[in-house]
Amino acid sequence: MLFNSLDYILFLGIAVAGFWLLARHAQLRIIFVFVASCLFYMAWHPAYIVLILASTVIDYVVGLRIYANEAEKARKRWLIVSLVSNLGLLGIFKYFNFTSQATADVLWLFFGIEIENPPFLDVLLPVGISFYTFQTLSYTIDIYRRKLEPTRNFFQFAFFVTYFPQLVAGPIVRASQLLPQLQRKITLRDEQVTQGLFLIATGMVKKVAIADYLSVNLVDRVFDQPELYSAAEVVIALYGFTMQIYCDFSGYTDVARGSAKLMGLELPENFDRPYQSASPAEFWRRWHITLSTWLRDYLYYPLGGSHVGPARAYWNLWLTMFLIGIWHGASWTFVFYAILQSMAMVIHRFFYRRSGRTRDTVDAWQLRAFKVFWALQFVVFSRILFRATSLQNAADITTRLGSGTFSVAQISLGVWAMLILTFAAHYTPKRWFESIELQFKSMPAPAQGVTLAVVGFALSVVATSQVVPYIYFQF
Amino acid sequence: MLKRIYNPLTPLQHLTTVTVFMLAACSLTYVIPPMEELRPWIPGEEDLPIARLFKRWGEIPAFAGHGGSYRGSTSTEAGAQRLAETVGETVAANLGAKPVVAAPVEEEDEPKIDPAEYAGISVYIEDPTGRGMRAFYEALEKTARAEKAAITRVGHYGDSSIATDLVTSTVRQNLQGRFGDAGHGFVLAAKGYIPYKHHGVRQSSNPEAWDPREVVRRQDRNGRYGYGGVQSRAERGAWARVGTAKRGVGANASRFDVYYEKQPRGGKFFVRLDEEEREIVSTKADTLGDGVHSITAPDGPHRIELRYARGGPVSFYGVVVERDGPGVVYDSLGLVGARANRLLNYDEAHIKSQLEQRGVNLIVLGFGGNEASDDRPEEAFYEDYLQVLNRMRQGREDLSCLVFAPLDQARRHRGRIRTLPTIPLIVAAQRRAAFDSGCAFYDTWQAMGGQDAMRRWYKAQPRLAMGDFRHATPAGYEIIGNMFYKALLAGFADYLSDASSGAPASSTSAGADAGSGSPKSDMPSSNADSSTSPKR
Numbered sequence: 077m078l079f080n081s082l083d084y085i086l087f088l089g090i091a092v093a094g095f096w097l098l099a100r101h102a103q104l105r106i107i108f109v110f111v112a113s114c115l116f117y118m119a120w121h122p123a124y125i126v127l128i129l130a131s132t133v134i135d136y137v138v139g140l141r142i143y144a145n146e147a148e149k150a151r152k153r154w155l156i157v158s159l160v161s162n163l164g165l166l167g168i169f170k171y172f173n174f175t176s177q178a179t180a181d182v183l184w185l186f187f188g189i190e191i192e193n194p195p196f197l198d199v200l201l202p203v204g205i206s207f208y209t210f211q212t213l214s215y216t217i218d219i220y221r222r223k224l225e226p227t228r229n230f231f232q233f234a235f236f237v238t239y240f241p242q243l244v245a246g247p248i249v250r251a252s253q254l255l256p257q258l259q260r261k262i263t264l265r266d267e268q269v270t271q272g273l274f275l276i277a278t279g280m281v282k283k284v285a286i287a288d289y290l291s292v293n294l295v296d297r298v299f300d301q302p303e304l305y306s307a308a309e310v311v312i313a314l315y316g317f318t319m320q321i322y323c324d325f326s327g328y329t330d331v332a333r334g335s336a337k338l339m340g341l342e343l344p345e346n347f348d349r350p351y352q353s354a355s356p357a358e359f360w361r362r363w364h365i366t367l368s369t370w371l372r373d374y375l376y377y378p379l380g381g382s383h384v385g386p387a388r389a390y391w392n393l394w395l396t397m398f399l400i401g402i403w404h405g406a407s408w409t410f411v412f413y414a415i416l417q418s419m420a421m422v423i424h425r426f427f428y429r430r431s432g433r434t435r436d437t438v439d440a441w442q443l444r445a446f447k448v449f450w451a452l453q454f455v456v457f458s459r460i461l462f463r464a465t466s467l468q469n470a471a472d473i474t475t476r477l478g479s480g481t482f483s484v485a486q487i488s489l490g491v492w493a494m495l496i497l498t499f500a501a502h503y504t505p506k507r508w509f510e511s512i513e514l515q516f517k518s519m520p521a522p523a524q525g526v527t528l529a530v531v532g533f534a535l536s537v538v539a540t541s542q543v544v545p546y547i548y549f550q551f
Numbered sequence: 002m003l004k005r006i007y008n009p010l011t012p013l014q015h016l017t018t019v020t021v022f023m024l025a026a027c028s029l030t031y032v033i034p035p036m037e038e039l040r041p042w043i044p045g046e047e048d049l050p051i052a053r054l055f056k057r058w059g060e061i062p063a064f065a066g067h068g069g070s071y072r073g074s075t076s077t078e079a080g081a082q083r084l085a086e087t088v089g090e091t092v093a094a095n096l097g098a099k100p101v102v103a104a105p106v107e108e109e110d111e112p113k114i115d116p117a118e119y120a121g122i123s124v125y126i127e128d129p130t131g132r133g134m135r136a137f138y139e140a141l142e143k144t145a146r147a148e149k150a151a152i153t154r155v156g157h158y159g160d161s162s163i164a165t166d167l168v169t170s171t172v173r174q175n176l177q178g179r180f181g182d183a184g185h186g187f188v189l190a191a192k193g194y195i196p197y198k199h200h201g202v203r204q205s206s207n208p209e210a211w212d213p214r215e216v217v218r219r220q221d222r223n224g225r226y227g228y229g230g231v232q233s234r235a236e237r238g239a240w241a242r243v244g245t246a247k248r249g250v251g252a253n254a255s256r257f258d259v260y261y262e263k264q265p266r267g268g269k270f271f272v273r274l275d276e277e278e279r280e281i282v283s284t285k286a287d288t289l290g291d292g293v294h295s296i297t298a299p300d301g302p303h304r305i306e307l308r309y310a311r312g313g314p315v316s317f318y319g320v321v322v323e324r325d326g327p328g329v330v331y332d333s334l335g336l337v338g339a340r341a342n343r344l345l346n347y348d349e350a351h352i353k354s355q356l357e358q359r360g361v362n363l364i365v366l367g368f369g370g371n372e373a374s375d376d377r378p379e380e381a382f383y384e385d386y387l388q389v390l391n392r393m394r395q396g397r398e399d400l401s402c403l404v405f406a407p408l409d410q411a412r413r414h415r416g417r418i419r420t421l422p423t424i425p426l427i428v429a430a431q432r433r434a435a436f437d438s439g440c441a442f443y444d445t446w447q448a449m450g451g452q453d454a455m456r457r458w459y460k461a462q463p464r465l466a467m468g469d470f471r472h473a474t475p476a477g478y479e480i481i482g483n484m485f486y487k488a489l490l491a492g493f494a495d496y497l498s499d500a501s502s503g504a505p506a507s508s509t510s511a512g513a514d515a516g517s518g519s520p521k522s523d524m525p526s527s528n529a530d531s532s533t534s535p536k537r
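In order, the protein sequence lines correspond to chains G and F. Here the first sequence is numbered in our numbering, starting from 77 and rising by one per residue. Here the second sequence is numbered in our numbering, starting from 2 and rising by one per residue.
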């Protein structure tokens with residue numbers, strides 16, 4: 077079920093209504109939302125609910141077993157069960173086919189051995205597997221580290237794993253963030269109502285009016301047939317994709333956070349105007365924050381972080397960033413994307429340290445603007461690998477970039493306007509945006525209702541197609 | 002008053018009030034007729050929200066950015082089955098289909114086409130007059146007999162769907178794999194800013210030094226755009242290189258023909274093959290005209306370089322890359338943004354001499370994609386096509402012609418992706434115009450699946466249509482190319498069987514089904530004009 081559909085709006089209405097109608101029956105409403113979440117997931121493909129339920133049961137049991145055991149060996153054994161089962165599922169469904177094909181590619185390329193039909197699993201990539209796998213892992217790892225007590229209430233844990241707003245494309249919520257909210261009395265604040273409604277409307281606008289528009293009218297066309305476009309048009313398409321993916325993913329997060337707020341629950345922020353970053357490191361602190369911090373806390377720090385020798389510290393950084401890159405997809409394009417991002421981080425760290433800068437160093441605004449500009453260029457051009465359907469496609473795009481052609485005749489006025497407006501909006505002060513939210517908040521409830529309906533009408537007019545899936549669904 | 006309603010509300014009452022007013026606003030769309038278009042859901046036309054999701058599992062279209070390859074998603078039986086369920090077995094069967102390559106033939110052999118070679122199509126070439134395809138089939142027969150230097154040439158004009166060279170390169174590879182590779186054919190000398198692609202040819206130039214003049218934009222007052230529809234005017238310092246592919250079909254060439262304009266103030270250009278001495282060619286002439294400079298070489302990989310030399314203006318139409326044959330050459334002549342009537346911008350005598358010079362046996366006109374946005378009656382489209390066909394064919398019976406209908410195009414209407422109402426009109430107009438001018442017709446629209454095909458193609462996994470509902474993805478174009486190739490082959494099989502039985506080509510019977518040797522047309526009656534019922 078896609079957020080940008082009438083189905084979701086109705087589903088959300090039913091789920092929120094049921095949730096508050098069952099306010100006096102804490103356990104019952106937890107079960108109600110769990111069932112609703114399962115239905116939400118099954119609307120995509122019913123069979124794959126088995127995977128998420130299996131993962132839930134395993135980690136529920138493992139959490140209790142780790143907590144019950146004092147012996148370090150036993151605790152570790154149970155943790156391994158969780159790691160193997162979760163990462164195993166991810167490996168089979170997300171990475172098996174690529175690993176198989178990649179092995180065949182490497183054997184052919186370096187040893188001349190041709191495997192005509194490498195093993196191929198005819199399975200769909202379960203929507204959201206990369207997200208819920210990381211969520212459940214955070215639960216068992218935190219218990220193993222004695223930072224969290226397991227819940228004995230299975231349905232609370234199942235609620236945490238399957239909670240529909242964040243189930244398929246994050247933000248990656250940790251048990252320590254959501255479970256405590258379920259364990260105390262859930263109340264709804266007026267502020268949450270307006271914020272929630274405003275976030276849902278904003279997310280829909282980002283997705284339907286901006287991301288889908290740029291996708292259909294610019295990005296898809298250029299990436300599907302780059303040879304038909306000039307170098308200048310390809311550059312514009314890369315900027316278009318940069319804005320598209322931001323609006324797509326942050327739009328999803330806005331709807332997710334807004335939906336949760338209507339149930340009195342808070343989900344973490346996932347974006348902080350990432351294209352205002354002045355370096356690759358800052359970018360990853362502002363983009364998909366919950367993934368970056370997850371890998372920082374559960375991989376980078378355990379490896380020693382930067383509190384080890386310089387070579388090891390660089391390796392830790394490289395590996396973490398490489399995994400963040402490869403998390404996004406199983407294909408050669410993402411392998412190279414991961415290498416590019418990780419190398420950028422290592423090089424940035426090297427010069428950062430050499431210059432003797434600290435986090436407190438403040439640049440003059442001119443210098444910062446210069447850095448932001450170049451950091452954006454890196455993000456924009458590295459997106460070639462992110463968006464390309466194959467290395468050949470990425471090579472075609474790159475070839476067109478070097479073609480020295482400057483016509484922009486195929487860029488419509490609408491696309492120009494959309495790009496200029498959205499990039500300009502991205503660099504405006506945050507308080508401008510907050511003032512719009514305040515205006516919405518100050519409206520009486522009936523006016524808010526009518527405003528939301530008008531936004532919905534407007535979106536139905538500008539919508540470019542029936543439903544365009546979110547990019548991050550496939551990750 | 003509204004403020005009074007708002008102030009005492011608890012958060013839950015607030016949420017309920019917002020919801021009620023939102024629903025009330027939505028319900029207005031069912032009461033006020035001008036707001037009809039804004040209805041979020043249309044009872045009777047759409048399935049029940051939420052419940053409908055459980056009816057269409059797996060319909061979410063594949064997103065190209067997930068890094069998956071379409072070959073991977075259809076390489077299994079289940080993947081192929083899924084695709085067939087969405088777009089139909091005929092369409093699905095033509096994705097990634099490899100053509101049956103016949104064994105090499107000797108000159109004295111009778112050409113034969115095994116029905117298995119064109120199995121898996123449901124739409125065939127319609128040629129009720131028998132005049133549309135005859136010249137092409139006659140040439141192809143000689144090529145199929147492996148007669149010395151027998152080259153069959155096709156020039157496929159069209160809009161952006163052809164300009165990608167995805168349909169045409171698929172047909173080219175199939176035909177060349179089947180009848181012999183006689184080279185890449187015609188390519189633009191330098192494309193400048195123009196979106197243009199010819200797969201397998203290595204092309205480079207300095208675009209800033211080229212000034213292209215397109216027939217689509219009527220940029221040359223003399224109407225001399227050359228065979229390819231683009232006159233590339235070289236400025237000082239301009240250079241362009243055209244070379245054969247690195248491997249596979251099209252890796253060799255033995256002749257390069259440079260097509261250029263002759264003019265009283267014409268300048269000179271250098272031309273050089275590989276690393277040989279460069280020649281200088283003058284484009285000066287007493288009157289405006291067309292010139293060809295040919296360079297021959299032993300069959301193999303080659304590259305030609307054109308460079309502006311000195312003097313007055315120098316304009317190129319393109320470069321022909323060919324081999325001695327026997328074989329087939331398939332020129333891709335796509336013009337982005339073109340409507341068929343843009344070909345009327347050609348000077349009549351000029352395009353006639355260019356087509357004769359090129360020696361094409363068949364011209365294919367694949368327009369209609371851009372006309373789909375035009376709010377015009379069928380008759381207006383018909384008049385346009387009739388004029389264009391007459392302009393291009395100019396009464397030549399030795400030149401076959403075929404109208405290649407547009408792809409299905411759609412837009413979102415009331416939440417659904419529906420075929421544009423102009424598409425059936427254009428297809429009907431094209432069919433009539435084709436038959437009335439003695440040309441053949443291929444119904445691409447029907448081959449895709451007809452009404453609402455674009456919706457099905459968009460929802461297919463792998464995605465066969467783009468989100469603009471006007472273009473196909475590379476996988477979709479490959480399917481169209483494969484289907485069209487098979488239709489050509491089926492028509493040729495009919496021609497051969499008629500020739501061997503002594504029957505005139507124009508009176509081909511519907512014949513038996515493909516399995517028994519000769520395919521039959523299964524055009525739906527709704528699209529067939531009774532007075533011009535489709536025949537092959």
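Simulated from the structure, these hints should not be mistaken for lab results. In this text, all values refer to a predicted model and were calculated from it rather than measured experimentally. Hints may be right or wrong, so weigh each one.
Distance windows between CB atoms, simulated [claimed, not checked]: (1) Phe482/G x Asp48/F: 47 to 55 Å; (2) Ser28/F x Tyr503/G: 37 to 45 Å; (3) His121/G x Glu139/F: 28 to 36 Å; (4) Ile512/G x Ile43/F: 27 to 35 Å; (5) Ala286/F x Tyr503/G: 54 to 62 Å.
By construction, the Cβ of each residue, glycine as well, lies at the ideal position given by its N, Cα and C atoms.
key: Hints breached by this structure   = The structure conflicts with hint 3 only, although it agrees with all the remaining ones.
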